[in-house]
Amino acid sequence: MRLAAALLGVIATQWCSYAQSSADPVLLVIAADTESCFLSAGGTVASMIQRGAKAILVRVTNDDKSAWKLSSEEAALRNRQESEQAGKILGFQEVVSMGYRAHELADVPFTSLRDRLILYIRHYRPAALFIPSPYAEYDRVLDHYYAARASEDAWRSASIDNYVPPFGTAGLKPHTTPDLYYYGPPLDPRRREPESTPTFVPQPVTLDIAAVLPRKLQAVQALKTINRAFAMQLKERLDATGRRLPLLNTVDDASIAKVVEENVRGLAATAAAGSAFALAEEFHHAGAAYQIPSRYRK
Amino acid sequence: MAGKSLSVALFLATVLTCLGAEPLPLVKLPPGKVVLVLQPHHDDHTTDYGMGGLIARFVDEGYDVYYVRASNDEKDGTRDRPENDNINHRESAAAAKVLGMKEVISLNWRNDYTAPIPLNELRAQLIFLIRKYKPDVVLGHNPWEHYQKNPDHRNVGRAMAEAYWLAGNPNVYPEHFKLGVQPHQASYLFGKARLDWGLGHTPNVAVELNESQVRRKAVAYQTHRNVYAKPVTARAYRMELARRNLVIPEWNGLDDQEAAVQMEEWHMEWISRKRGAEAGVRYAEDYYFLDEFQHLPGLKAYLGANIRTK
Numbered sequence: 061m062r063l064a065a066a067l068l069g070v071i072a073t074q075w076c077s078y079a080q081s082s083a084d085p086v087l088l089v090i091a092a093d094t095e096s097c098f099l100s101a102g103g104t105v106a107s108m109i110q111r112g113a114k115a116i117l118v119r120v121t122n123d124d125k126s127a128w129k130l131s132s133e134e135a136a137l138r139n140r141q142e143s144e145q146a147g148k149i150l151g152f153q154e155v156v157s158m159g160y161r162a163h164e165l166a167d168v169p170f171t172s173l174r175d176r177l178i179l180y181i182r183h184y185r186p187a188a189l190f191i192p193s194p195y196a197e198y199d200r201v202l203d204h205y206y207a208a209r210a211s212e213d214a215w216r217s218a219s220i221d222n223y224v225p226p227f228g229t230a231g232l233k234p235h236t237t238p239d240l241y242y243y244g245p246p247l248d249p250r251r252r253e254p255e256s257t258p259t260f261v262p263q264p265v266t267l268d269i270a271a272v273l274p275r276k277l278q279a280v281q282a283l284k285t286i287n288r289a290f291a292m293q294l295k296e297r298l299d300a301t302g303r304r305l306p307l308l309n310t311v312d313d314a315s316i317a318k319v320v321e322e323n324v325r326g327l328a329a330t331a332a333a334g335s336a337f338a339l340a341e342e343f344h345h346a347g348a349a350y351q352i353p354s355r356y357r358k
Numbered sequence: 002m003a004g005k006s007l008s009v010a011l012f013l014a015t016v017l018t019c020l021g022a023e024p025l026p027l028v029k030l031p032p033g034k035v036v037l038v039l040q041p042h043h044d045d046h047t048t049d050y051g052m053g054g055l056i057a058r059f060v061d062e063g064y065d066v067y068y069v070r071a072s073n074d075e076k077d078g079t080r081d082r083p084e085n086d087n088i089n090h091r092e093s094a095a096a097a098k099v100l101g102m103k104e105v106i107s108l109n110w111r112n113d114y115t116a117p118i119p120l121n122e123l124r125a126q127l128i129f130l131i132r133k134y135k136p137d138v139v140l141g142h143n144p145w146e147h148y149q150k151n152p153d154h155r156n157v158g159r160a161m162a163e164a165y166w167l168a169g170n171p172n173v174y175p176e177h178f179k180l181g182v183q184p185h186q187a188s189y190l191f192g193k194a195r196l197d198w199g200l201g202h203t204p205n206v207a208v209e210l211n212e213s214q215v216r217r218k219a220v221a222y223q224t225h226r227n228v229y230a231k232p233v234t235a236r237a238y239r240m241e242l243a244r245r246n247l248v249i250p251e252w253n254g255l256d257d258q259e260a261a262v263q264m265e266e267w268h269m270e271w272i273s274r275k276r277g278a279e280a281g282v283r284y285a286e287d288y289y290f291l292d293e294f295q296h297l298p299g300l301k302a303y304l305g306a307n308i309r310t311k
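Chains as they are written, first to last, in our numbering: chain A, 61 to 358; chain B, 2 to 311.
Read the hints as simulated data drawn from the structure, not as lab findings. Computed from a predicted model, the values in this text were never measured in an experiment. Any given hint could be a false lead.
[What the hints assert, rightly or not] Restricting the straight-line Cα-Cα distance to at most 30 Å, the calculated cross-link-like pairs of lysine-lysine (BS3-like) are:
{"hint": "1", "chain 1": "B", "residue 1": "K29", "chain 2": "B", "residue 2": "K98"}
{"hint": "2", "chain 1": "B", "residue 1": "K231", "chain 2": "A", "residue 2": "K284"}
{"hint": "3", "chain 1": "A", "residue 1": "K129", "chain 2": "A", "residue 2": "K233"}
{"hint": "4", "chain 1": "B", "residue 1": "K231", "chain 2": "B", "residue 2": "K76"}
{"hint": "5", "chain 1": "B", "residue 1": "K275", "chain 2": "B", "residue 2": "K231"}
{"hint": "6", "chain 1": "A", "residue 1": "K129", "chain 2": "B", "residue 2": "K231"}
{"hint": "7", "chain 1": "B", "residue 1": "K301", "chain 2": "A", "residue 2": "K318"}
{"hint": "8", "chain 1": "B", "residue 1": "K103", "chain 2": "A", "residue 2": "K129"}
{"hint": "9", "chain 1": "B", "residue 1": "K150", "chain 2": "B", "residue 2": "K76"}
{"hint": "10", "chain 1": "A", "residue 1": "K129", "chain 2": "B", "residue 2": "K135"}
{"hint": "11", "chain 1": "A", "residue 1": "K284", "chain 2": "B", "residue 2": "K103"}
{"hint": "12", "chain 1": "B", "residue 1": "K76", "chain 2": "A", "residue 2": "K295"}
{"hint": "13", "chain 1": "B", "residue 1": "K98", "chain 2": "B", "residue 2": "K275"}
{"hint": "14", "chain 1": "B", "residue 1": "K150", "chain 2": "A", "residue 2": "K129"}
{"hint": "15", "chain 1": "A", "residue 1": "K114", "chain 2": "A", "residue 2": "K129"}
{"hint": "16", "chain 1": "B", "residue 1": "K103", "chain 2": "B", "residue 2": "K301"}
{"hint": "17", "chain 1": "B", "residue 1": "K150", "chain 2": "A", "residue 2": "K295"}
{"hint": "18", "chain 1": "B", "residue 1": "K135", "chain 2": "B", "residue 2": "K275"}
{"hint": "19", "chain 1": "B", "residue 1": "K29", "chain 2": "A", "residue 2": "K129"}
{"hint": "20", "chain 1": "B", "residue 1": "K311", "chain 2": "B", "residue 2": "K29"}
{"hint": "21", "chain 1": "A", "residue 1": "K295", "chain 2": "B", "residue 2": "K98"}
{"hint": "22", "chain 1": "B", "residue 1": "K76", "chain 2": "B", "residue 2": "K29"}
{"hint": "23", "chain 1": "A", "residue 1": "K295", "chain 2": "B", "residue 2": "K275"}
{"hint": "24", "chain 1": "B", "residue 1": "K275", "chain 2": "A", "residue 2": "K129"}
{"hint": "25", "chain 1": "B", "residue 1": "K150", "chain 2": "B", "residue 2": "K179"}
{"hint": "26", "chain 1": "B", "residue 1": "K34", "chain 2": "A", "residue 2": "K295"}
{"hint": "27", "chain 1": "A", "residue 1": "K318", "chain 2": "B", "residue 2": "K179"}
{"hint": "28", "chain 1": "A", "residue 1": "K295", "chain 2": "B", "residue 2": "K231"}
{"hint": "29", "chain 1": "A", "residue 1": "K295", "chain 2": "A", "residue 2": "K114"}
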């Protein structure tokens with residue numbers, strides 16, 4: 061708890077210094093799919109935007125499988141438009157869609173995805189980077205893992221000029237992002253156990269999102285195609301096993317919104333459990349103090 | 002006698018070390034009719050760390066259980082590769098029969114070569130089989146375990162982790178529907194892994210077994226004679242014991258093959274008792290169990306409080 065409080069203090073101090081030293085510190089959020097980053101990190105991102113950050117969202121996949129009875133093409137189009145709408149609500153200045161097909165990242169060459177992400181990091185030059193966590197265990201969506209691996213390496217290698225030399229010919233300079241947040245769903249019972257030393261390994265932190273929960277919720281509600289699929293899949297599962305959720309007796313915009321709200325609030329309460337907050341998000345955080353000890357660098 | 006004494010001593014040691022530890026909750030078998038076991042190798046359903054006992058229990062409780070073996074196991078055994086492949090295939094079918102499984106489906110990927118297979122291709126085959134057999138429950142390696150050095154275990158586990166639920170999505174491999182199958186999602190997953198390999202596999206449930214299930218698990222295991230219960234192992238033990246003027250009385254009158262089988266059965270009995278003691282029952286196996294709403298951590302409490310039967 062003391063460690064978490066100390067880290068929170070460091071994060072707040074760092075973020076204030078970014079806000080003071082630059083008119084618009086940049087926040088880059090990399091997401092395998094739109095929904096996962098909004099659910100796991102949307103509140104914290106909204107909070108940083110409120111404190112002056114300029115935020116960019118990079119969607120790696122096109123969410124073409126996240127729909128109820130729509131073709132992949134129609135699903136991809138709607139989810140792109142709704143991601144942009146949700147991004148606006150949360151405060152993102154730009155939503156970049158890389159267009160990889162959903163649930164197929166496993167076979168995308170690691171370096172090709174990483175190198176594309178390096179371009180975004182060098183171009184936007186963020187003060188903080190949010191990436192999915194490759195260490196989030198029991199997450200059954202493999203895209204999260206593969207996007208996470210590529211993002212983590214892009215964060216590291218974006219700072220080294222020997223990676224993707226052609227970018228340099230266009231004037232793109234290496235960039236070190238001082239603040240790194242790993243996000244993921246709260247599924248692993250051991251996710252809060254600290255690992256190794258704080259300067260060497262990113263540590264678990266819990267951040268208060270009570271003040272921005274309404275904005276986060278409004279943004280998630282804008283993902284209408286994904287939310288409808290979520291509600292219908294839940295109803296179908298219950299129907300198939302002789303059960304029902306009274307709220308979904310009739311599936312309409314109001315009932316979907318209510319299920320989504322329960323999910324968003326439930327996630328925030330789960331993340332806050334055991335902390336000083338009522339509603340929160342969890343991360344593993346590597347701040348400016350994070351560095352690989354010199355004895356390990358060689 | 003020495004064997005039994007050893008078993009009793011190990012059992013007591015286990016019980017004593019478990020005193021004070023929180024026992025794992027015993028899980029009831031989830032509702033359903035069909036179980037699909039998705040594993041890379043011919044023998045993965047029978048190893049000491051799972052899942053022969055659980056399979057036997059599913060069969061006892063009326064489930065139809067099918068075994069999918071992803072690799073051809075050509076390197077497992079002391080013979081040439083094609084011979085290993087054939088023997089392991091045959092022994093896999095025999096072990097599956099001991100446990101009461103309906104069928105063994107071999108995907109015939111090359112043993113220990115799953116790393117370069119496009120994961121989506123392997124996953125697509127598993128998705129098709131899930132759509133065909135319509136399992137309620139899927140069993141396999143815990144894909145999130147740490148220090149798993151066998152690439153087949155890692156890759157088949159990883160493909161399974163997504164296949165078991167993605168098979169329910171009609172936008173995934175829609176060409177399958179030309180073959181008469183429909184989208185189908187399995188709702189429960191039991192993941193197994195060695196418990197002595199790092200922090201990555203902390204089981205969250207224990208499955209209670211009865212004596213018959215433990216017995217069938219042991220028999221299924223040593224049915225894989227191409228790789229287990231080798232006479233040479235028993236012979237080596239006998240020589241070492243003789244050097245120390247010791248004997249195992251239970252082995253009197255047994256040849257080396259029979260002694261090797263006996264040893265494997267003792268081991269299986271011991272590990273099942275150890276897991277049972279940790280859970281407060283006689284016999285058990287431990288798993289990481291993902292229930293139907295595991296992927297919805299924010300909604301689980303709400304669903305638990307509000308779902309009604311029709």
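These are the hints, each one checked on the structure:
1. B:K29 with B:K98: Holds, at about 24 Å.
2. B:K231 with A:K284: violated, 61 Å
3. A:K129 with A:K233: violated, 45 Å
4. B:K231 with B:K76: Distance ~17 Å between K231 (chain B) and K76 (chain B) Cα, so the pair holds.
5. B:K275 with B:K231: Given that 30 Å is the threshold and the Cα spacing comes to 24 Å, the pair holds.
6. A:K129 with B:K231: violated, 55 Å
7. B:K301 with A:K318: With a Cα-Cα distance of about 15 Å, the restraint between K301 (chain B) and K318 (chain A) holds, given a limit of 30 Å.
8. B:K103 with A:K129: violated, 34 Å
9. B:K150 with B:K76: holds, 16 Å
10. A:K129 with B:K135: holds, 21 Å
11. A:K284 with B:K103: violated, 43 Å
12. B:K76 with A:K295: violated, 46 Å
13. B:K98 with B:K275: Holds. K98 (chain B) to K275 (chain B) sits at ~26 Å (cutoff 30 Å).
14. B:K150 with A:K129: Violated. K150 (chain B) to K129 (chain A) sits at ~41 Å, over the 30 Å cutoff.
15. A:K114 with A:K129: At roughly 36 Å apart (the allowed maximum being 30 Å), K129 (chain A) and K114 (chain A) break the hint.
16. B:K103 with B:K301: violated, 34 Å
17. B:K150 with A:K295: violated, 40 Å
18. B:K135 with B:K275: violated, 34 Å
19. B:K29 with A:K129: Measuring from Cα to Cα gives roughly 34 Å; hence the hint is violated.
20. B:K311 with B:K29: holds, 22 Å
21. A:K295 with B:K98: Violated, because 38 Å separates the two Cα atoms, which is more than 30 Å.
22. B:K76 with B:K29: Judged against 30 Å, a Cα distance of about 37 Å means the pair is violated.
23. A:K295 with B:K275: violated, 41 Å
24. B:K275 with A:K129: violated, 49 Å
25. B:K150 with B:K179: Not OK: K150 (chain B) and K179 (chain B) at ~38 Å, beyond 30 Å, violated.
26. B:K34 with A:K295: holds, 21 Å
27. A:K318 with B:K179: violated, 37 Å
28. A:K295 with B:K231: Since the Cα atoms of K295 (chain A) and K231 (chain B) sit roughly 53 Å apart, the hinted pair is violated (cutoff 30 Å).
29. A:K295 with A:K114: Cα-Cα ~39 Å, so violated.
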